[in-house]
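Here is what each chain is made of, one letter per residue.
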Amino acid sequence: MEKRDLGIYIHIPFCVKKCDYCDFPSAARTPQEMAWYMRNLMKEIRSYEALGSLYRVDTIFFGGGTPSILPPIQIMRVLMQLREEFEVAEDAEITIECNPGTLTRENLLSYRDLGINRLSLGVQSANDAELKLLERIHSWQEVPDNVRLARKLGFKNINLDVMSGLPHQSVKSYRDTLQRIVELRPEHISSYSLILEEGTPFYDRYRTGEGQKVLPGEDAEREMYYETRDFLKTHGYHRYEISNYSLEGRECRHNSRYWTGGEYLGVGLSAASYLDGKRFANTSDWISYGEEVRHAYQRYKAAPAQSRKDAMEEFMFLGLRMTCGIRTSEFCQRFGTDYYEVYGDVTERLEGQKLLTVQNGRVRLTDYGIDVSNRVLAEFLLEEGDV
Amino acid sequence: MADFAQSKIRNFCIIAHIDHGKSTLADRIIEKTGLLTQREMQEQVLDNMDLERERGITIKSQAVRTIYKAKDGEEYMFNLIDTPGHVDFNYEVSRSLAACDGAVLVVDAAQGIEAQTLANVYLALDHDLDVVPVINKIDLPSAEPQRVIDEIEDVIGLEAQDAPQISAKNGINIEDVLEAIVEKIPAPGGDPEAPLQALIFDSVYDSYRGVIVFCRLMEGSIRKGMPVQMMATGASFDVVEVGYFGAGQFIPCEELTAGMVGYFTASIKNVRDTRVGDTVTEKNRPCEKPLPGYKKVQPMVYCGMYPADGAKYPDLRDALEKLQLNDAALQYEPETSAALGFGFRCGFLGLLHLEIIQERLEREYSLDLVTTAPSVIYKVHCTNGTVMDLTNPSNMPDPTEIEYMEEPIVKAEIMVTTEFIGAIMDLCQERRGNYQGMEYMEDTRALLRYELPLNEIIYDFFDALKSRSRGYASFDYEMAGYMRSPLVKLDILVNKEEVDALSFIVFEGTAYERGRKMCEKLKEEIPRQLFEIPIQAAIGNRIIARETVKAMRKDVLAKCYGGDITRKRKLLEKQKEGKKRMRQVGSVEIPQRAFMSVLKLDSE
Numbered sequence: 017m018e019k020r021d022l023g024i025y026i027h028i029p030f031c032v033k034k035c036d037y038c039d040f041p042s043a044a045r046t047p048q049e050m051a052w053y054m055r056n057l058m059k060e061i062r063s064y065e066a067l068g069s070l071y072r073v074d075t076i077f078f079g080g081g082t083p084s085i086l087p088p089i090q091i092m093r094v095l096m097q098l099r100e101e102f103e104v105a106e107d108a109e110i111t112i113e114c115n116p117g118t119l120t121r122e123n124l125l126s127y128r129d130l131g132i133n134r135l136s137l138g139v140q141s142a143n144d145a146e147l148k149l150l151e152r153i154h155s156w157q158e159v160p161d162n163v164r165l166a167r168k169l170g171f172k173n174i175n176l177d178v179m180s181g182l183p184h185q186s187v188k189s190y191r192d193t194l195q196r197i198v199e200l201r202p203e204h205i206s207s208y209s210l211i212l213e214e215g216t217p218f219y220d221r222y223r224t225g226e227g228q229k230v231l232p233g234e235d236a237e238r239e240m241y242y243e244t245r246d247f248l249k250t251h252g253y254h255r256y257e258i259s260n261y262s263l264e265g266r267e268c269r270h271n272s273r274y275w276t277g278g279e280y281l282g283v284g285l286s287a288a289s290y291l292d293g294k295r296f297a298n299t300s301d302w303i304s305y306g307e308e309v310r311h312a313y314q315r316y317k318a319a320p321a322q323s324r325k326d327a328m329e330e331f332m333f334l335g336l337r338m339t340c341g342i343r344t345s346e347f348c349q350r351f352g353t354d355y356y357e358v359y360g361d362v363t364e365r366l367e368g369q370k371l372l373t374v375q376n377g378r379v380r381l382t383d384y385g386i387d388v389s390n391r392v393l394a395e396f397l398l399e400e401g402d403v
Numbered sequence: 266m267a268d269f270a271q272s273k274i275r276n277f278c279i280i281a282h283i284d285h286g287k288s289t290l291a292d293r294i295i296e297k298t299g300l301l302t303q304r305e306m307q308e309q310v311l312d313n314m315d316l317e318r319e320r321g322i323t324i325k326s327q328a329v330r331t332i333y334k335a336k337d338g339e340e341y342m343f344n345l346i347d348t349p350g351h352v353d354f355n356y357e358v359s360r361s362l363a364a365c366d367g368a369v370l371v372v373d374a375a376q377g378i379e380a381q382t383l384a385n386v387y388l389a390l391d392h393d394l395d396v397v398p399v400i401n402k403i404d405l406p407s408a409e410p411q412r413v414i415d416e417i418e419d420v421i422g423l424e425a426q427d428a429p430q431i432s433a434k435n436g437i438n439i440e441d442v443l444e445a446i447v448e449k450i451p452a453p454g455g456d457p458e459a460p461l462q463a464l465i466f467d468s469v470y471d472s473y474r475g476v477i478v479f480c481r482l483m484e485g486s487i488r489k490g491m492p493v494q495m496m497a498t499g500a501s502f503d504v505v506e507v508g509y510f511g512a513g514q515f516i517p518c519e520e521l522t523a524g525m526v527g528y529f530t531a532s533i534k535n536v537r538d539t540r541v542g543d544t545v546t547e548k549n550r551p552c553e554k555p556l557p558g559y560k561k562v563q564p565m566v567y568c569g570m571y572p573a574d575g576a577k578y579p580d581l582r583d584a585l586e587k588l589q590l591n592d593a594a595l596q597y598e599p600e601t602s603a604a605l606g607f608g609f610r611c612g613f614l615g616l617l618h619l620e621i622i623q624e625r626l627e628r629e630y631s632l633d634l635v636t637t638a639p640s641v642i643y644k645v646h647c648t649n650g651t652v653m654d655l656t657n658p659s660n661m662p663d664p665t666e667i668e669y670m671e672e673p674i675v676k677a678e679i680m681v682t683t684e685f686i687g688a689i690m691d692l693c694q695e696r697r698g699n700y701q702g703m704e705y706m707e708d709t710r711a712l713l714r715y716e717l718p719l720n721e722i723i724y725d726f727f728d729a730l731k732s733r734s735r736g737y738a739s740f741d742y743e744m745a746g747y748m749r750s751p752l753v754k755l756d757i758l759v760n761k762e763e764v765d766a767l768s769f770i771v772f773e774g775t776a777y778e779r780g781r782k783m784c785e786k787l788k789e790e791i792p793r794q795l796f797e798i799p800i801q802a803a804i805g806n807r808i809i810a811r812e813t814v815k816a817m818r819k820d821v822l823a824k825c826y827g828g829d830i831t832r833k834r835k836l837l838e839k840q841k842e843g844k845k846r847m848r849q850v851g852s853v854e855i856p857q858r859a860f861m862s863v864l865k866l867d868s869e
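If you read the sequences in order, they're chains A and B.
Converting from the first sequence to our numbering requires adding 16 to each position, the first position being numbered 1.
Converting from the second sequence to our numbering requires adding 265 to each position, the first position being numbered 1.
Just so you know, these hints were derived from the structure itself, not from any lab.
The beta-carbon is built from N, C-alpha and C at its ideal position, and this holds for glycine as well.
Incorrect hints may appear among the rest.
[As the list claims (entries may be wrong)] 30 Å max Cα-Cα, derived DSSO-like pairs, lysine-lysine:
#1 B:Lys844 x A:Lys370
#2 B:Lys815 x A:Lys325
#3 A:Lys325 x B:Lys786
#4 B:Lys835 x A:Lys370
#5 B:Lys548 x A:Lys229
#6 B:Lys815 x A:Lys370
#7 A:Lys294 x B:Lys844
#8 B:Lys788 x A:Lys229
#9 A:Lys294 x B:Lys815
#10 A:Lys317 x B:Lys835
#11 A:Lys294 x B:Lys835
#12 B:Lys577 x A:Lys229
#13 A:Lys325 x B:Lys788
[Unchecked claim] Only some residues are given here: those of chain B computed to face chain A with a beta carbon under 8 Å:
#14 Glu339
#15 Ile477
#16 Val505
#17 Gly828
#18 Ile830
#19 Glu838
#20 Gln840
#21 Lys841
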C-alpha cells in the first residue's frame with residue numbers, strides 16, 4: 017500500500033523570555049527542565065512507531081517558543097528519532113523557528129547539516145523602539161546579519177515574520193519595516209496584525225483607556241494591511257493565504273497542510289494533530305504531559321472520528337483562507353456530495369454581497385471578504401441535520 | 266368543622282403601602298391563630314407565586330380561613346383576604362374589598378402614610394369597610410409611633426390613639442391586632458335561608474377540577490349538587506365541591522352559608538365564564554338582583570410580544586392562553602411585524618402587570634421574548650367621523666385622515682417630603698403634568714396633585730420619582746379620561762427601511778428629542794456590519810434625526826498556530842450564535858435588545 021504524506025509539528029515551549037503579547041504555551045525554563053521535556057518528547061515520538069508503515073513524512077516544523085535556544089544536539093536527537101520511526105522524504109521541507117539574537121554560526125551550521133532547509137525568523141519590526149515595546153530580545157541590526165550569515169551557509173528558504181498594528185506604530189514606520197524586509201529578499205514573509213489576547217499583559221495594557229489610544233486607529237490599521245498586500249506584490253511576493261506571502265513556488269508547504277485538510281501529527285506540549293480523520297491535541301499542562309506521552313498512540317487510536325459536518329465546515333473555513341480558495345470538485349470527491357447541495361445558498365448570498373467569487377470551479381474570498389473573513393467563514397458552519 | 270354562628274365570623278383584608286409589612290402581618294396572624302404549626306409555616310404563606318415572594322408584592326388575591334380563640338373565651342372564624350397593593354391591580358383590590366367587612370390598615374411607624382396608603386384607605390372606605398389602623402415596625406430605631414398615629418387621625422380622620430403598636434417581623438403585640446379584629450370589625454349579615462347571592466372575587470384554574478371560584482356569600486347558602494348560575498355571563502353549572510381555604514390548600518366542606526368566604530368548583534372549563542365581580546345565584550331560585558361590583562377590566566397598556574425564536578410562536582400562544590385562565594385582565598391577539606415576525610399584541614393593567622407577565626412567560630414557560638415599547642390606547646378621531654382605539658403605533662392612519670387625537674390622562678397623587686417638592690414639580694412639568702393643587706400633610710410632607718398623560722408615566726416615571734426624591738416620594742394614580750393632544754407617530758428607519766416594531770407615538774413637542782435619543786441608542790445597539798447603516802427618525806416623510814453605524818472594516822482572525830484549529834472554530838461558532846440573536850430587517854441584523862432600548866431612553 018502506498019504511504020500517505022504526513023507533516024510533523026514539534027512544539028518547543030521554551031523561550032529566553034516570554035513576550036508580553038504572547039499567549040502560546042511557552043516560558044523560560046531551566047536547562048534541567050528542558051532536558052526533562054526533550055526526553056518526554058522522544059518517548060512521544062517513539063509511541064507513534066506503528067504509523068511508520070502508513071506514512072511518509074514530507075514536512076517537519078519546529079515551532080515554539082523559540083526552538084533555536086535548544087542546543088543543536090537536542091534538535092539532532094529529535095530528527096534522528098523521527099527518521100527512525102518514519103520515512104522522511106528526500107525533498108522534505110524542514111523548518112525551524114528562530115529568534116534573531118539566538119542564532120549563531122554554530123547553530124546554523126548544525127541545522128544545515130541536520131537537513132533543516134527552511135528558517136523562520138521572528139523579526140516583527142525593523143524599528144528598534146517598536147521592538148523594545150514588544151520586549152523582544154533582539155535589535156533590528158541582528159536581522160540582516162543573521163540573514164546574510166544564513167545565506168552564506170547555504171540556506172535558500174527563509175521566512176521573516178512581521179507585525180502590524182503595534183502600539184505607537186505609524187503607517188510610515190510599518191512601511192519602513194516592509195522596505196527593509198524586502199531588501200533582504202526572503203523567500204517568504206508572514207504579516208500578522210497584533211491581536212490582544214486575553215490573559216496577556218498586552219491585553220491589560222492596551223485593551224482600554226489610555227493604552228488603547230496608542231494603538232493605530234482602525235483606518236491606519238487597515239492602511240497597513242493594504243500596504244502589505246500592495247507593497248509586497250510590487251516586490252514579487254504574492255499573497256497565498258490571509259497573512260502569508262511568498263515568492264512564486266515558495267509557499268510554506270507545512271502550513272498549507274493546515275488549510276487544505278492535509279494530515280499532520282503534532283508532538284510536544286499542547287500540540288494538535290489531524291490524523292486519519294481525527295482531531296486530537298496534547299495537554300497544555302506541563303506535569304500531565306510527562307504522564308501522557310507514553311500513551312500518546314493509544315489516545316490517538318481511541319480518539320473519535322470527526323463528524324462529517326465538522327469535516328465539511330473545516331474544509332471550507334480553513335480552505336477559504338488560501339487565496340486560491342477551494343475546489344468544488346474536491347469537496348465532492350471528499351464528501352461524496354455536491355458542493356452546491358450543501359453550500360449553494362450561502363455561496364450565492366455571499367457572492368451577491370461581493371464577499372466571495374466563484375470562478376473555474378473554485379470558490380475564493382474577495383479582498384473585502386478577506387477583510388471580514390470571520391463574518392464570511394462563520395456562514396459556512398452548518399446546523400445539525402444539514403448533512 | 267363546627268358550625269359557626271354568623272356573629273363569630275370576621276371577614277377582613279389587610280391594606281398597606283408596599284413594604285409596610287402587610288404580608289408579614291398576614292403570616293403572623295395565620296401563625297398565631299394556630300392554623301399552621303411553625304414547621305408548616307413557610308415564609309409569607311399568602312404569596313404563592315415565586316415571583317410574588319421575590320418581588321415582595323402580592324399579585325393575585327388569596328384567601329385563608331383560620332380559627333382564633335379570643336380573650337372572651339369564644340372561637341372566631343377569621344377569613345383573611347389578601348389584596349394586591351399596586352395601583353396596576355386596583356381592580357383586584359376593589360373586588361377583594363367587596364368580599365370583606367373590614368380592613369386592617371398597616372402603617373409603617375417610621376415612614377408614616379404614603380400615597381398607596383391613602384389610595385387603599387379611600388378604596389376601603391368607598392366599600393363601607395371599617396378600617397382598623399395598626400402601627401407596624403415599632404422596634405425600628407427610627408420609629409415614631411405617636412407621630413404616625415397623629416398623622417392617621419389628621420390626614421385620614423380615623424380614630425387611632427388605641428391602635429395596636431406592633432412588630433409583625435418580630436411577633437410583638439400580634440394579639441392586640443387579633444383582639445382589635447374581633448372587637449372592631451363587624452360580623453357579616455345575610456340570611457342563610459334566602460336565595461343564594463355570592464360575589465366572585467377571584468378564580469384559579471386547576472387542570473383537574475376546572476375553574477375554582479373564590480366567593481363571598483352575601484345571602485343564602487351553597488352546597489354540592491346545587492345548580493348555580495353566573496348572573497353576568499348567564500352560564501350555569503352544577504356545583505361539584507364546596508370548601509374553604511386552608512393555608513395553600515383547599516379544604517372541602519358540606520356547605521357555605523351567608524357571611525362565609527370559600528370556594529366552589531363545578532367542572533367549569535373556561536375562566537371567562539366566571540368573571541370576577543360577577544354574582545353567583547341558585548339557578549332554580551335566583552336572587553332578585555346581582556351585587557354591584559361587576560366591571561369589565563380594561564387593559565391600559567399594550568405592547569407587542571414576540572418569541573425570540575420564531576418557531577416558538579405556538580408555545581407563546583399556549584402560554585398566554587394558560588396565563589389568561591388565571592388572569593382575566595390579560596388580553597392578547599395575534600399580530601405580525603415585518604421585523605419581528607409572528608407575535609401577539611398584549612394588553613395589561615399597567616407596566617408592572619406587563620413586567621410580571623413577561624417574567625412569568627420567561628420563567629414558567631422558558632420563553633425568550635422580544636417585547637416592543639409599551640403603548641397606551643389612543644383615540645384617533647378620523648376625518649370621516651369614525652373614532653378608532655389605537656393600541657399599536659403601526660396601525661396609525663395617515664395624518665391626512667386624522668382630525669385629531671386624544672390620549673388617556675391620569676389623576677396622580679404624589680406624597681413627598683417638602684425639600685423635594687421643587688424637584689418633583691419639575692419632573693411633572695417635564696412630563697406634561699397639569700398642576701391641580703397641593704396639601705400639606707404635616708410640616709414636612711405634602712401631597713401633590715397632578716393630571717398627567719398616561720404615556721408619560723408608563724415607562725420610567727416611578728424610577729425618576731424615586732431618584733429625584735432620594736426614594737422619599739410615593740405615588741398613586743387613577744384613570745381620569747381622555748384629553749386632546751398633538752401627537753405624532755415617530756418612525757425609525759434602519760438602512761432606509763422602516764422598522765415597524767420600533768415605531769412609537771409621541772407628544773409632538775418632544776418628538777425631536779425622543780427621535781434623537783432613539784437614534785443614538787440604536788447606534789450603540791446595532792453592531793457594525795458589512796456596509797454603512799443610516800439610522801433615521803422620521804415623522805411622516807420628514808427626517809428629524811440621523812446617526813450612522815459605520816461599515817465594519819476588519820474582522821480577521823490572524824493565526825492558526827501549529828495547526829490548532831479549535832480556537833478558530835470556537836470563535837466562528839460564537840459569531841454564528843451571536844447572529845442567531847439578531848433580527849433580520851432588510852439586509853441589516855438588529856440585536857433583539859435594541860427593540861427594547863426605547864424603554865431606557867430617559868434613564869440616561
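Going through the hints against the structure:
Between Lys844 (chain B) and Lys370 (chain A) the CA atoms are separated by roughly 20 Å; this keeps the pair inside 30 Å, and the hint holds. For the given pair, Lys815 (chain B) sits about 35 Å from Lys325 (chain A) by alpha-carbon distance, which is inconsistent with the 30 Å threshold. Among the hinted pairs, Lys325 (chain A) with Lys786 (chain B) is inconsistent with the structure: their alpha-carbon atoms are about 39 Å apart, more than 30 Å. As the CA atoms of Lys835 (chain B) and Lys370 (chain A) are separated by approximately 25 Å, the hinted pair is consistent with the 30 Å bound.
Straight-line distance between C-alpha atoms of Lys548 (chain B) and Lys229 (chain A) comes to about 82 Å, which puts the hinted pair past the 30 Å bound. For the hint linking Lys815 (chain B) to Lys370 (chain A), the alpha-carbon distance of about 18 Å falls within 30 Å, and the restraint holds. In summary, the hint linking Lys294 (chain A) to Lys844 (chain B) is supported, as the alpha carbons are separated by about 29 Å, within the 30 Å threshold. Between Lys788 (chain B) and Lys229 (chain A), the direct Cα distance comes to roughly 22 Å. Compliance with the 30 Å bound is thereby established for this hinted pair.
With a C-alpha separation of about 42 Å, the suggested pairing of Lys294 (chain A) with Lys815 (chain B) is violated against the 30 Å cut-off. Annotation: proposed proximity of Lys317 (chain A) to Lys835 (chain B) holds, straight-line Cα distance about 25 Å (limit 30 Å). Only pairs whose Cα atoms come within 30 Å are accepted, and Lys294 (chain A) paired with Lys835 (chain B) is accepted, the gap being roughly 18 Å. Straight-line distance between C-alpha atoms of Lys577 (chain B) and Lys229 (chain A) comes to about 45 Å, which puts the hinted pair past the 30 Å bound.
For the hint pairing Lys325 (chain A) with Lys788 (chain B), the CA-to-CA distance comes to about 37 Å; that exceeds 30 Å, so the pair is violated. For the restraint placing Glu339 (chain B) at the interface with chain A, the shortest Cβ-Cβ distance is roughly 71 Å, beyond the 8 Å limit, so the hint is violated. With its C-beta approaching chain A no nearer than about 44 Å, Ile477 (chain B) sits outside the 8 Å limit, and its interface hint is violated. At its closest, the beta carbon of Val505 (chain B) sits 48 Å from a beta carbon of chain A; the interface hint therefore is violated under the 8 Å criterion.
Checking Gly828 (chain B) against chain A: minimum C-beta separation of about 5 Å stays under 8 Å; hint holds. Among the interface hints, the one on Ile830 (chain B) holds; its C-beta lies about 7 Å from the nearest C-beta in chain A, closer than the 8 Å criterion. Against a cut-off of 8 Å between C-beta atoms, the interface hint on Glu838 (chain B) holds, since the closest Cβ of chain A lies about 6 Å away. Restraint check, Gln840 (chain B) versus chain A: the minimum CB separation of about 4 Å is within 8 Å; hint holds.
For Lys841 (chain B), the shortest C-beta to C-beta distance to chain A is roughly 5 Å, which falls under 8 Å, so the interface hint holds.
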